[in-house]
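Asker: Single-letter residue listing:
Protein chains: 2
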Amino acid sequence: MTSLAAYNGEQIDLLAAVNDDHGGVIVELKAPIDPRAFEMSLKLSIWSWRQQGIKGVWIKLPIELASLVQIIVKEGFWYHHAEPNYLMLVYWIPATEHTIPSNATHRVGVGAFVVNDRKEILVVQEKSGKLRGLGFWKIPTGVINQGEDLFTGVMREVKEETGIDTEFVEVLAFRQSHQSFFEKSDLFFLCMLRPLSFVIQMQESEIEAAKWMPIEEYTADPLVQKHEFAKYILNVGIAKVEKRYSGFYPVCIQSAFADEQSYFYVNSRDLEQKSSSANESNSS
Amino acid sequence: MTSLAAYNGEQIDLLAAVNDDHGGVIVELKAPIDPRAFEMSLKLSIWSWRQQGIKGVWIKLPIELASLVQIIVKEGFWYHHAEPNYLMLVYWIPATEHTIPSNATHRVGVGAFVVNDRKEILVVQEKSGKLRGLGFWKIPTGVINQGEDLFTGVMREVKEETGIDTEFVEVLAFRQSHQSFFEKSDLFFLCMLRPLSFVIQMQESEIEAAKWMPIEEYTADPLVQKHEFAKYILNVGIAKVEKRYSGFYPVCIQSAFADEQSYFYVNSRDLEQKSSSANESNSS
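As you go down the protein sequences, you meet chains A and B in turn.
So in full-length UniProt numbering, the last one in the first sequence is 284, and the numbering has no gaps at all.
So in full-length UniProt numbering, the last one in the second sequence is 284, and the numbering has no gaps at all.
The reader is advised that the hints may include incorrect statements.
In this list, chains with the same sequence are indistinguishable; a pair is considered to hold if it fits within one copy or across any two.
Stated by the list, open to error - Simulated crosslink set (SDA-like; lysine to any residue; CA at most 25 Å straight-line):
| hint | residue 1 | residue 2 |
| --- | --- | --- |
| 1 | Lys-130 | Tyr-263 |
| 2 | Lys-60 | Ile-71 |
| 3 | Lys-130 | His-98 |
| 4 | Lys-60 | Val-73 |
| 5 | Lys-231 | Ala-210 |
| 6 | Lys-243 | Pro-62 |
The hints are simulated quantities; they were obtained by calculation from the structure and are not laboratory data.
Required output: the full structure, derived from the provided sequences and hints.
Answerer: Following this line, the structure appears as structure tokens:
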């Protein structure tokens, strides 16, 4: 910290901060600090940032320093987001309306449409949630972990719930729904996976039952027939099984700004048709 | 609150709580409360919930009651998520590993591929962010608001940034990337929109420049040529313009459990081909 001023004979330090890409600063508090000394440092720092024309101020506060939350809030900060071990607070110095980006808004779920060579679909009954105890057979589903790729997450969920090894085929469709988890929205990606093993080993903690069920039996199930979304899933999945449907396949791309990789999910069948038709016209 | 015990001659109340769908309880604090009285109530309530076999305990704490954060954390709660005006804390009573679902993990962005009848693409230069000042022309992009549908959000962003009215055509592809915003991941949906107006009205606050640029000129731009993701976007967008690509189109579905609506994005061309081929075989 830089010492800039004194209060009641005590030295007041500026908070250490790094600049962000948008004319703001980020303060990451780590070590315990006397609350009164912190309050004076925060006031002085805000004064100093204002002189410098700083816009947004972020404070990342570990949960161990929870006693400082009320001091930061009293200075006009609000909550931006929280993770198990820290709280991120934010403040906007200019008199203009803030342009602080919103927090993460979506949870991401996956569902696996897994059909074996005998035209049987992999289905489970869950121990908790809205469908528990209804005898409702559903495809394996789950929530993507922080930092996990969709195609990895869906294969992991199938393995965890049923013990079946799979290979990723395609994202067949996705659903966006709102207010699904407190105020948050939900993106659910329906994926087709190819099974690489056959013997089911059920996850006892979350799964009540798991089995391979003939697709025709599943389609005729009265509970499925009454469940509009289950019928949509079946409709798309069967179209894919019958090879008359194309979803999105992940292509690895490199970021222009960093050595980060990400996956771009595209209708690769349609894109490849381009090159094949181009090849045809070349050869003709 | 229910009064159950007394401490030092004072009455201690249980915290008011409602049950959730997973064997837990949710406490929503609203009115100011004396910190010491709150601490006693919280301890007594946890004791009582433990007797009842309650698993997860959620406390929703408005920002006005920030002074209570440290008391709740001291009882073993951790942060689950935060929104500007409240903090959600959570605690797991059983000795087993918790099954508390993770917080929202993804921000959702949209990009608009908008091409007019003269084969010109709508492009902008941004005032902030990593691409500022580089003279890089890009498609209009933006972040989805909480509770906003993808197809609504992408049309809103194009209108805000360029003044152009549009009609939604399809989601052409999407990208999942990680660590894009603090620890959060990002889902970016590339959408095709059909322009319904022509005259550009630029958003002065965020946009440096906006124009219609001939697709061939954009494709030849050296900055675009060096930017792998921009080339992928162009590749898919041009395939769509040339009518040899099918993305996902939103179909409205009704939830089985509530009167909620959501949108299911599917390759509707392939699904419709089914019915047309079925019709053909019927008529033949």
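Asker: Take the hints in turn and mark each one as holding or not.
Answerer: We went through each hint and held it up to the structure:
1. Lys-130 to Tyr-263: between (32 Å within a copy, 20 Å between copies)
2. Lys-60 to Ile-71: The answer is both: 14 Å in one copy and 19 Å across copies each meet 25 Å.
3. Lys-130 to His-98: between (39 Å within a copy, 19 Å between copies)
4. Lys-60 to Val-73: Answer is both: 13 Å inside a copy and 17 Å across each meet the 25 Å cutoff.
5. Lys-231 to Ala-210: within (19 Å within a copy, 44 Å between copies)
6. Lys-243 to Pro-62: neither (52 Å within a copy, 52 Å between copies)
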